[in-house]
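*Asks:* Residue numbers (the numbering used here), protein chains in the order written: chain G, 488 to 873; chain W, -3 to 285.
FYI, nobody ran anything at the bench for these hints, they're computed from the structure. From the three backbone atoms N, C-alpha and C, an ideal C-beta is built for every residue, glycine too. The reader is advised that the hints may include incorrect statements.
Lysine to aspartate or glutamate pairs mimicking EDC-like chemistry, simulated, CA-CA at most 16 Å apart [said to hold, decoys possible]:
no.	chain 1	residue 1	chain 2	residue 2
1	G	Lys589	G	Glu617
2	W	Lys183	W	Asp79
3	W	Lys183	G	Asp581
4	G	Lys864	G	Asp834
5	W	Lys183	G	Asp642
Beta-carbon label-pair distances, calculated as ranges [stated by the list, open to error]:
no.	chain 1	residue 1	chain 2	residue 2	range
6	W	Leu118	G	Gly522	47 to 55 Å
7	W	Pro195	G	Asp526	22 to 30 Å
8	G	Gly522	W	Thr115	28 to 36 Å
9	G	Asp640	W	Leu41	48 to 56 Å
10	G	Glu624	W	Ala106	50 to 58 Å
11	W	Ser194	G	Glu734	39 to 47 Å
12	G	Glu624	W	Val131	50 to 58 Å
Far from chain W, some chain G residues (derived; all Cβ distances over 10 Å) [claimed, not checked]:
no.	residue
13	Pro586
14	Asp634
15	Ala658
16	Glu690
17	Glu797
The primary structure of each chain is shown beneath.
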Amino acid sequence: MTISSTSRAGTPTSSASAASAASAAKQGTQIRLEGVTKDYGLAAPAVDDISLTIEPGEFMTLLGPSGSGKTTTLNLIAGFETLTSGTIALNGSDVGSLPPHKRNLGMLFQNYALFPHMTVAQNVAYPLKERKVPKAEIARRVSEVLDLVQLPDRDGNYPSQLSGGQQQRVALARAIVFNPAALLLDEPLGALDRNLRAALQTEIRRIHREVGSTFVFVTHDQEEAMNLSDRIALFNSGHIEQVGSPEQLYREPDTLFTARFLGDSNVFDLDGAASATSAGWDGRTWSIVPGTVSSHPGAANRAAVVVRPEDVRVAHDPADVPSGSNSVGAVVRDLEYMGSYRTALLDLGRVRQLGRARVDALDSTFTVGDQVTAWWKPERQRIVAA
Amino acid sequence: MTALDEHETANPATPAPAPRRPSRRDRGIDPIPWWLIVIGAVVALYFILPTLIVIPLSFSSASAFQFPPQDFSLRWYENFFTDPIWLSSLGNSFLVATLAAIIATVVGTAAAVGLDRLTGRLAAFARTLLMISLVTPAIVVAVAVYIAFLQWHLTGSVFGYVIAHAALGVPFVLVSVTAALGGFDPKLLRASASLGASPIRSFITVTMPLISRGVLTGAIFAFVTSFDEVVIALFLRSPTFQTLPVQMYNSVTFELDPTISASSSLVVVAVTIIFLVPLLIGSRRTKKR
């Protein structure tokens, strides 16, 4: 089934009141990691000296390939792993030595981790019971939060009677019903199919907005990260490569790793270090404009030019290239039809280097084998550390 | 009860929490062929028949063993329930088996939970140590226990019986709880911890309910193991304290009195009922879901 955030739109008032009840109690918590390290005694530490401050109410995504340390970092915050060194503080108070059940953090797991011997209502009531909340209040809060996740009439069902998407909604309700200091999400959509993922992403964003507490979300899916996050911390082999808004990471990557991990990019490894105004690639000289050079210290030594395919245009006649643009000659190797546009795969002459450029879907003047000039505005490129 | 049922429920250590498997038809598997049912029935009879002969025997009126019985009579049951020696040994057996099962269940469950996610030599060694009474000849255990208990003045005491029998029951609990834990998702404990439950609360509210059938199965095996244990009990008996199997053994060796067939029948019925309990509880729980 696909989820019905629209067809259930008849209940906005009840979910709004549930949200205000939830957010009134606690408005976001700051999570500060300083010098956080986890070393299993292997070749390299799983998490190596990470410092990151997650602001109150922020939706922070820890993004990275598998084995990059993002899940370990989340488990360190949750308390499921012990720190090798460093500190973790919630709103300024050190929680590094607290066991998980005393940290007051909600958690969402990839496999839902619902208690199979309890009904939906019993699952959601569990954290309240453990906190000895009075019965009447438990009943009220359980029904409020089930409204919030739009599962109001399933309270008597067992988890095995629900679909995957519904189970994750129950898990979400259970993880926020006790107003945790923050919600940690460990690839919660990983087990769901594509349509359901999209629906639950919308749902998670809405609930983050309504509850207003700090969310820390782990994923390896860059689209999911871009779609959901206020900020993304991009992990690479145990350290944080770059932190910033999705737009910053996409438009202003500091390193080649970031540029390659988020979206498609054309990468030109420069012949030497870039100067303030120009850079050389394969005998050409390209101009550089201020504000497009990464401040990453590595960029001073080895740099690369990164251009997104949507910023690259192709022209048959070099005379059609606007002055002030950077350009490179190419042969069209292939054209991929993407619906609203086409992507041209460009042979740039250098061994094994292919470029990508965006071509209007209706422009039928280009065919495979054409000699063309690929060009872009220097303000659309980015000089990164290679 | 057909051979098919026997087959489906043969392994009592199957973990309870997993949803019941769909029927063969639902899974698209061919029905069981007739010859397999016949073989199953023959094997089942082979196991059950000796036990079933004792029941008609107990209703005979003859004062010697006679099969098939000529006349129907309840005199041996009357004898059993009026003789203080038979009655007290029955009571003793229940007492010892109950206490031994409780201790074996607590120890075996704790061991199974503790060893569950441990690998490595030490854990393997601990596991072997706990299972060792399964493979040690009963007479060896009995002699060793007897010599030790003589020194500690534990022969003929309830406590002595209980700890000796509890040790015999631990492996059964360990095996059935370990099997139950195999179907238990350890992520649930992370979930309960994140929801504010201490490790002990998590064990009580999450682990225990989900492995309860394994625990119950183990407890029943431990109870029955103690209830029909005769070798150690023979060594530990005293004039004032003996268990039912010892009394039955006495009755065969010294009196050859058909009261033993009445008591055997009672034991068979009692043990059968005890083994049926988890099955009944299981099916009721399945229906509820």
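*Asks:* Checked against the structure, which of the hints given earlier come out wrong?
*Replies:* Failing hints, ascending: 2, 3, 4, 5, 6, 10, 13, 15.
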